[in-house]
Amino acid sequence: MLYIACVLMGWLNVYAAVYSPESQTNLFDMSTNAGKQLMWIGTTVLLIIAILVINYRFWDTFAFVIYGATILALLLVLVAGSNINGSRSWFKIGAFSIQPAEFAKLATALALARYIDYPNVNLTKLKDQLWCAGIIALPAVLIIASNETGSMLVFASFIIMLYREGLPGVYPLIAIVIVTLFILTLIVPKLFLFAGIVALGLLVFFLTPRYQRSFQNVMVIGITAVSMIAIVAGVDFFVNSVLQKHQQNRIKVLINPAADPLGAGWNVTQAKIAIGSGRLQGKGFLEGTQTKLDFVPEQSTDFIFCTIGEEHGFIGSLIVVSLFVVLLCRIVLLAEKQRTRFARVYGYSVAGIIFFHLMINVGMTIGLMPVIGIPLPFFSYGGSSLWSFSILLFIFLKLDSRRVGMFTR
Amino acid sequence: MIENRKYIVIGVFCLVGLVYLARLFYLQILDDSYSLESSSNSIKRVIEIPYRGQIYDRNGKFIVYNTPVYDLYVTPKKVQIPDTAAFCRLMELERSEFDSIMNNAKSYSYVKPSLFLRQLSKEDFARIQDALVDYRGFEHVTSSMRTYPAHTLANALGYVSEISKKQLDEQETPYYRQGDYIGRSGLEQQYEAVLRGQRGVKFVMQNVHQVVKGSWKNGAFDSLAVAGKNLYTGIDVEIQQYADTLMQNKVGSVVAIEPSTGQILAMVSAPTYDPNALSSRFFSKSYSKLAKNPYKPLINRPVMASYRPGSTFKLIQAMVALQDGAVAPSSIFSHAGSPMKCHCNRSGRLNLAGAVQYSCNPYFYHVFRRLLYNNNERNTFKASAMGLHHWHDMVSKFGIGQKLGVDLPGELKGSLPDADYYNRMYGENHWKFSTVYSLSIGEGELLINPLKMANVAAIVANRGWFYTPHLVSGIGKPGEGIDPKYLEKHDVGIDPHHFEVLAEGMQGAVEHGTTTMAANIPGITICGKTGTSQNKKGKDHSIFVAFAPRENPKIAIAVFVENAGWGGIAAASVASLVIEKYIKRRVDNHALDKKVKESNYLPAVTLPKKPAPKKYEMPKDSAAKPLIVKTIPQLPTPVPVETKSLASRPATTNGN
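In order, the protein sequence lines correspond to chains A and B. Residues 1 to 409 (UniProt numbering) are what the first sequence spells out, left to right. Residues 1 to 656 (UniProt numbering) are what the second sequence spells out, left to right.
Think of the hints as simulated: they come from the structure by calculation, not from any bench. Errors might be hidden in some of the hints.
Dumping the calculated DSBU-like pairs for lysine-lysine here, alpha-carbon to alpha-carbon at most 35 Å [stated by the list, open to error]:
| hint | chain 1 | residue 1 | chain 2 | residue 2 |
| --- | --- | --- | --- | --- |
| 1 | B | K6 | A | K127 |
| 2 | B | K165 | B | K292 |
| 3 | B | K165 | A | K337 |
| 4 | A | K398 | B | K292 |
Cβ-to-Cβ under 10 Å is the rule here; a few derived chain B residues that face chain A [said to hold, decoys possible]:
| hint | residue |
| --- | --- |
| 5 | C14 |
| 6 | V19 |
| 7 | L21 |
| 8 | L24 |
| 9 | L117 |
| 10 | L120 |
| 11 | S121 |
| 12 | F381 |
| 13 | K382 |
| 14 | M386 |
| 15 | Y486 |
Computed list of chain A residues with no C-beta within reach of chain B, every gap over 12 Å [as the list claims (entries may be wrong)]:
| hint | residue |
| --- | --- |
| 16 | I98 |
| 17 | I136 |
| 18 | R164 |
| 19 | R210 |
| 20 | Y211 |
| 21 | F305 |
The beta-carbon is built from N, C-alpha and C at its ideal position, and this holds for glycine as well.
Isolated chain A, as found in the complex (with noise of 0.2 Å):
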């Protein structure tokens, strides 16, 4: 229990100390930003306190009611809340706004691992299959329908926690097949594409041992095939009319950057001048000029990494990329030792959750992912996320100092 509040002091240091600095580097909001994010911070230590002292029943109790409230609140938000940048996803109380998409992302984690633990559910079996992707798909339309696409990726990641309670490892193939087709249409010509699948399908054909070659199995490989071909064909009207544009523009950045250095690849340009110009050890605390002056857009929200591998250099990036990776291996390794389902399955979403948002983020800042519109867990300024992140993790904690009470006592 000591040694668990040690790593959490730890944690929460870490973040602390190396977040409110990050904020001040925004030298004209100083005043603004980073005294909200104290008051975030704030608010935050309270909510954890609160957390680590509700009995750890009442998030297994009240999973479902809490996932009906957000949902209701999604719904809320649709109708009554403010508009900023274009996304209908915000209540705005006062100077303070909160996004409820933030904690669809805990409520969703919450009442998926309620529903797994029910006894009998087993994840190989559709029917069960159908249900998480219910769960999982209700609060993504809605968040798709306030216009925060970026958030609602996020949703893939319970994918992660699916696959580890035995969901079959098909899917998570089908869906990285999917992507890499989609990446390999925008970059190949597609004619070599096609040529390339059915030489691929044949050659699977004829590899298929004789007494294999059953009509079942030929109908498999044909239909992928096929499907994949689907895909390739798909994905000019997929960009095209189903994206919007500046969703299509970011992926044709990401393919190629300097296409437009001014326009659409600006962000992705001058995030990857502020990290690459940070060098090994960076320019020091509050001396980065391409952030502070404003060249990277959004530095504050979701371009905090660029403050970081600018005024910190690769020393930093490298610490702060490693205490993510040690952090989500530590989650993961947790969950493993819970007793009951109901934490592991929360303990996966949460990582997966954090692994998501690290990989989207830090990734479209170093140009390797599409610029998508998600913070980065504890460092980027915001209440919403800054709640969502503690409280997803301190819920998880909560849950496993019960483990390690019972374990104890």
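Following the hints, position chain B against chain A.
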């Protein structure tokens, strides 16, 4: 089995972490292009141009100073103009002009200042400044403009203009940038390094809109601009201006030197122009106008024009011959034996002083003959070569045939032939005195510029020494910081007592001899010598060198008036008036003053192709005079031509 999936999950986490770190390593450590881009992105060097040094005359009067001018900038985003019509009236702009300026500014940038009006004078700006309080979005930047209050000395001063592409490419250390101003001729070029001062550099941070957000690292790397040093010249602006007026409607030069210091008192290149014309925004228009002018006002004739010295060279011949012992002051030579004719009508009666006074050509024929053969060599060819070699050495000491080293660019060496020169021309031992005798009276292969002749006058005035003529007598402070070569006394190797004979003859020339009417100023003993520089293309050039007073000379002067015809009268008139003005600070000889100012010796200008309307405006009152000599006497070549051409003229009382 399913528990093992945790390793896969952890593996994915670690893999992504490693990929990202590898990417970061590449961006931050391996690829340095980003770090370079960042500094050009956000940190900007701002150059501060210092004030250029100013130029004073010997009495502390300004020749060049910087006028503050005001450039008005507009930042479209901040603009608030309550009443546009009133604003246009204030700025003296048409509404359409205002609109086009504003549109240009807006298309450049809304947030960055653009030039609105440039080079507003102090008066204009003072008028506008108070009213500007009512209008937002305008700010002014002070800059400066070269101003020439005396409107004179244009050729010696040179001008300042934007650096050329060629200069930009050829500079050894990259100091200048595109658009920088640089001294382009005259003193502005010669003293560019001193005048320009030291540029300051400021590093400022600018944000994404290129709006300056303060200094970088609190100015740790900034350097302050250091103003250029002032130049103190020996020029006497009053004399310079007066000489300018005398040289109007003439082509030529006036160079006056203070013999005791070598400082140049006046340096007129005629025709000249108002240096203000090449200052500021009118530059390109004025420059092309000047460049097209057939009289080439951009040439600084005192150092860049070449003439034959004519009879003024007899001064040097006399000095060299006396020193060499070839002749004595009492030597008398008749006209007999000389192929040159003379106007002195005093054959066989003139001693050296007299020969100088009456400029007797045959006399100096004999002097030069004696000079060349003044050795033990029997062979006349070899003796001539030896003699000429010796003569060359002695004459060189006067600065003839080499650059004097005046502090101006473009000085010509001129020409002083030596034995090798004639060996190349005729072959060794194929020439002798009779081949080169025209040198004796300053013709032939001799070429000098007006500055050199003024220096010769200074040498005679000083009785045998000179300081290298120079314009600038002090850098930064009066009398300080000039090149030590200008403080070094040059001895020409002639004993001082030989000069009295010369001075006697020169005084005689002014008072009773060749230029009595023109140059004699009551109360001042002027010693002078006329000359005619032969000109194959047109009328001969009139030359006069002089110094005054005879004892304790204050001024040595050389005047060249092109195409003023035979004899030194035109030049002598100018010289004597300048001397009078300098020594008395006033001119009493109003008749001469008027006559000189009215005389017009501008040559006819034949434009090679279509006769465009004349660029050069002639004064109306000169129209009555026959300005242009239509028939130019055909001057046979080679030398001596002087006598031949003179034969067709009515004899005058004044010899040359």
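Here is what the structure says about each hint:
With a C-alpha separation of about 24 Å, the suggested pair K6 of chain B and K127 of chain A falls inside the 35 Å cut-off, and the hint holds. Pair hint K165 of chain B plus K292 of chain B holds up; C-alpha atoms about 22 Å apart against a cutoff of 35 Å. Between K165 of chain B and K337 of chain A, the direct Cα distance comes to roughly 76 Å. Violation of the 35 Å bound is thereby established for this hinted pair. Among the hinted pairs, K398 of chain A with K292 of chain B is inconsistent with the structure: their alpha-carbon atoms are about 94 Å apart, more than 35 Å.
Residue-level restraint check for C14 of chain B holds (minimum Cβ-Cβ distance to chain A is 6 Å; threshold 10 Å). The criterion of a C-beta within 10 Å of any C-beta in chain A is met by V19 of chain B, whose closest approach is roughly 7 Å, and the hint holds. Hint status for L21 of chain B relative to chain A: holds, with the closest Cβ pair at about 6 Å, below 10 Å. Restraint check, L24 of chain B versus chain A: the minimum CB separation of about 5 Å is within 10 Å; hint holds.
Residue-level restraint check for L117 of chain B is violated (minimum Cβ-Cβ distance to chain A is 31 Å; threshold 10 Å). A least Cβ separation of about 33 Å between L120 of chain B and chain A goes past the 10 Å threshold, and the interface hint is therefore violated. With a cut of 10 Å, the hint placing S121 of chain B at the interface with chain A is violated, because the nearest CB-to-CB distance is about 38 Å. The beta carbon of F381 of chain B comes no nearer than 82 Å to any beta carbon in chain A, farther than 10 Å, and the hint placing it at the interface is violated.
With its C-beta approaching chain A no nearer than about 81 Å, K382 of chain B sits outside the 10 Å limit, and its interface hint is violated. The interface hint given for M386 of chain B is broken, as the beta carbon of that residue sits about 78 Å from the closest beta carbon of chain A, more than 10 Å. At a threshold of 10 Å, the smallest CB-CB gap from Y486 of chain B to chain A is about 51 Å, leaving the interface hint violated. Its beta-carbon lying about 30 Å from the closest one in chain B, I98 of chain A satisfies the requirement of being farther than 12 Å from that chain.
For I136 of chain A, the requirement that its beta carbon stay farther than 12 Å from each beta carbon of chain B is met, with the minimum near 18 Å. For R164 of chain A, the condition that its CB be more than 12 Å from all CB atoms of chain B is violated, with the nearest at approximately 5 Å. Non-interface status of R210 of chain A relative to chain B is upheld: no Cβ of that chain comes within 12 Å, the nearest being about 30 Å off. The claim that Y211 of chain A lies off the interface holds: its Cβ sits roughly 27 Å from the closest Cβ of chain B, which is beyond the 12 Å cut-off.
The non-interface label for F305 of chain A is inconsistent with chain B: the shortest C-beta to C-beta separation is roughly 10 Å, within 12 Å.
Violation of the numbered hints given earlier is confined to hints 3, 4, 9, 10, 11, 12, 13, 14, 15, 18 and 21; the remaining hints are satisfied by the structure.
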